[in-house]
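What follows is the residue order along each chain.
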Amino acid sequence: MTALLEVTGLRAGYGRNEVLHGVDLRVPPGAAVALLGSNGAGKTTLLKTIAGLLPARDGHVLFQGTPIEKRPANARARAGVCLIPEGRGIFRRLTVRENLTMQVGRRQLNGTLERAADRFPRLGERMNQVAGTLSGGEQQMLALARALVTDPAVVLADELSVGLAPVIVDVIFEALAALRAEGRSLLLVEQYVERAVGIADYVYILQKGEIVFVGEPSQCASGVVFARYLGASA
Amino acid sequence: MREYLPFLVIGLASGSIYAIAAMGLVVTYKTSGVFNFAHGAVGMIATFIFYSLRVDVGVPTWLAAALAILVVAPLIGVVIDRVLLRRLRGASASSYVVVSLGLLVGLQYLAIVIYGPATRSVEPIFSRGTFRLPGVNVGYDQAIIVAISLASALALAAFFRATRLGIQTRAVVDDADLTELMGTSSARVTTFSWMLGCSFATLAGVLLSPFLGIDAVLLTLLVIKAFGAAAVGRLVSLPRTYLGAIGIGVGESLLTKWVAARPSLAGLPTSLSFIVLFAVLVFSRKGSFAELTTQAVRAAGGARARLAQARARRFPTRLLVVAVTIALLLPARLDGSRLLTATSTLAFVLVFASLGLLVGLSRQVSLCHAVFVVFGATTLSHFQDAGIPYLLALVLAGLVLVPVGALVAIPAIRLSGLFLALATFGFGVLAQYLLFGTKYAFGAKALRTLSRPEFLGVSFLGDKAFYYFVLAVVVAGVLAIELVRVTRLGRLLRALADSPTATESVGVNPTASRVIVFCLTAFLAAVAGGLLGSLTQVVNPTSFDFSQSLFWIAVLVTAGPATLGGAILSAVLLVTVPAVFTAKAVTQWQPVAFGVMAIALAQAPNGLAGLIRIPDFSSLSKASAWRRRTTGSRLGERVAARAAPGETTAGVRGVPGSMAGAGR
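In the order they appear, the protein sequences are chains G and V. For the first sequence, my numbering begins at 1 and goes up steadily by one. For the second sequence, my numbering begins at 1 and goes up steadily by one.
Treat the hints loosely; a few may be bogus.
[Claimed, not checked] Over 12 Å on every C-beta distance to chain G, these chain V residues come out as not near it, computed from the model:
#1 LEU5
#2 ASP56
#3 ARG128
#4 TYR140
#5 GLY166
#6 ALA176
#7 LEU178
#8 ARG188
#9 MET195
#10 PRO403
[Stated by the list, open to error] Some chain G residues near chain V, calculated using beta-carbon distances under 7 Å:
#11 LEU53
#12 LEU54
#13 ALA56
#14 ASN74
#15 ALA77
#16 ARG78
#17 GLY80
#18 PHE91
#19 ARG93
#20 LEU94
#21 GLU98
#22 GLN103
#23 VAL169
By construction, these hints were calculated from the structure, which means they are not laboratory data. Think of the CB as a built atom: it goes at the ideal place given N, C-alpha and C, for glycine as much as any other residue.
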């Protein structure tokens, strides 16, 4: 089966510091992939390079079979690769409505807002509020809702649950599950390893810029894999 | 009170024009993070095109204005953004300052080449008629200008609130990367903001031209008045900028009336916007101004930059010996005006070497260097009148400028980068308008005479003798500068230019080191000014006006700000070349060339001097070759230079090359 998103031999980094040393990764259509690894392994760098915020120094990023590593980030986003960056991926000084509609034409405007309000009713009540004044959970919901505006084929989510109350984390994961149900692919970087593995079809473990483990969640069940690569605490 | 009413009306009209210019400046700065010093110059060039279309081609006024504002200006904006700035991505704040200064210099002198230096009067655009409001006559043109300004402010506000492109622009301001992730090209949005900014600058220029006429310098500086208004809006708030501009316009106009009876304050109204600019910067708390320009990411070209730095770190013994030898022999072959040119070149070596200490070493752009030079000359003249012996007077003249330098630097330096440039610029203009006319500088005669030195029974009155005197002083000054470079202060400044946070974290007080170097350059520039004054034996307020400060930056960046060689080259290019090659093509285009070259070389580690490869004669000596082979640090630098990113071997991955080399 051809992958929706495929990364081959990817090298990237900052300045003279190379972080990714030839990473290979596949995200099949409709599948959820969990990308795990300890701090500094290069997870965020990998997502940024796929999305186009960092240039690839070598290797390819293929989306639906076409190389996209030379395209600017905005073109990749329009093609259907959507990154929700670490932290809160929202425009803090814009209102909720502006956050959701900045990329939408006038005709689709109402539909977009309705869909967002359906999925996250709390956002629906706060359309004219400035996004920076929302609570952490609401901000993350907005980030998710905002990401969906572009109707992406694959969502790259970077640590969505950081700093959120468990109840809110539930809402976020429900939303992620709903995305999958719509047939979108997911590439998840998560600190809640169990939960990420829980919804994943495949698990990749990144260590010092190299993929050291590829497998299915069942292979991780024993905990041996995690103990070996992520340390006992995971 | 009634007699102030007409001035209120005039002030509202001029304030409205400043507001248009200032809003354009703020829109561009907010979106792109680049403060455009050439904002006024862009408006000036496009206004000249409006003038040409209207007068030379005979296009109807409204069409000429529309073409200038809606076609020419946006085109200039696209060129600035796509051609000049895009390649700078990730460069330091000072590189951006340098590029826009280069643009300012280039455009200004280009306009002089094309249209000549004279002011041209412009036919009124709107009706000259007036109507009566209670207590005052108002011109239709004034009313229309106020209306246009208000309308553009409201249109701008509506644009940012209600249109998709406007919201996208605000999104880019908020988070450019995230905008990209949303599928919007932040580059496209930024380009649009440049088009918008340039259009506003041109609109201001066109509206202003019937009142003041157009020439290359005047209009550039008048639109720069927008700087003060933009500072009131902290460079980001459009409503505050608008109100600030109106306030400055009205304040200026009312002051004009008020100082009419007080001739000693005649410079006050013109300086108001710069007083505001300076005051806002000085009284701002640290952090209240967002520095939008992306900080230096040391990536591409790093190895070459490090090599240039390494060269700047060494004491240039060879160059000094060669240069001094040539300088000692020169007078034997020169006489008359050639000798004066040579003397002037020497003094300018000190001017540029001291400026290089700031621009090249600590990466601070100072835009009031010419003021120090001028005050050096006038202060020396005052001390001479007081009967103080020459050498002492020269040193004292330099010392007087030290506290002045500190006064400018201390408040501005904590704001860093762009804001130091802005504050020094404001100070330069203020000094010229407010202080040049006072008894501390030129006085009412607008002229100071100086004599040449005579001491210890030796007379330096003759041109040849004075040449040697200047040479001695300049060599002493240059030695001091080169010592600073290679000692602890120099290392600190280099470190500060590299990473202020990291340097501060090891216990260095960044403000102290920067202020010390600023004071030192003020001292040396003043001494150089004294020498230049003694050379011509008479100075007047037009000898070095503040625009020279901007021009010198362009020259220095072109020639090479980081080394003594660059300073010498600067002086030769500025002074010697037009004196030797007197063809009109050379003298006319020389300043334009400096502007263009400064833009091109803004990111080069050391300008032209960095591109010239001086053969390394010392390699002929076995001893020095051996020394080089065994010196760890130099070897480290070469290893660093050779290892391109990504080529670092596994063992030293992530370790800066110089450290890796030092261990071997």
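Verdict on GLY166/V as a residue remote from chain G, using beta-carbon distances over 12 Å:
Contrary to the label, GLY166/V does not stay out of reach of chain G, its closest Cβ about 9 Å off (not over 12 Å).
Distance rule for ALA176/V, whose beta carbon must clear each one in chain G by more than 12 Å:
violated, 10 Å
Over 12 Å to the closest beta carbon of chain G is the bar; see if MET195/V clears it.
Holds, because the least Cβ-Cβ distance between MET195/V and chain G comes to about 19 Å, which exceeds 12 Å.
Restraint: ARG78/G near chain V, CB-CB cut 7 Å. Satisfied or not?
holds, 4 Å
Go through the hint on GLN103/G and say holds or violated, using the shortest Cβ distance to chain V against 7 Å.
holds, 5 Å
Exclusion check [LEU178/V not at the chain G interface, CB over 12 Å]:
It is violated; LEU178/V is separated from chain G by about 6 Å at its closest Cβ, not greater than 12 Å.
If I take the minimum Cβ distance from PRO403/V to any residue of chain G, is it greater than 12 Å?
Consistent with the label, PRO403/V stays out of reach of chain G, its closest Cβ about 41 Å off (over 12 Å).
Minimum C-beta separation from LEU5/V to chain G exceeding 12 Å: can you confirm that?
It holds; LEU5/V is separated from chain G by about 41 Å at its closest Cβ, greater than 12 Å.
Interface hint compliance - ALA56/G to chain V, C-beta minimum distance less than 7 Å
violated, 12 Å
Was ARG188/V rightly flagged as not at the interface, with every chain G Cβ beyond 12 Å?
violated, 8 Å
Are ARG93/G and chain V close enough, Cβ to Cβ, to be under 7 Å, as the hint says?
ARG93/G check passes; min Cβ-Cβ to chain V is 5 Å, inside 7 Å.
Is the hint on GLU98/G kept, meaning its closest Cβ partner in chain V is under 7 Å away?
This interface hint holds because 5 Å falls under the 7 Å limit.
Of the numbered hints stated above, those contradicted by the structure are hints 5, 6, 7, 8, 12, 13, 17, 23, listed in ascending order.
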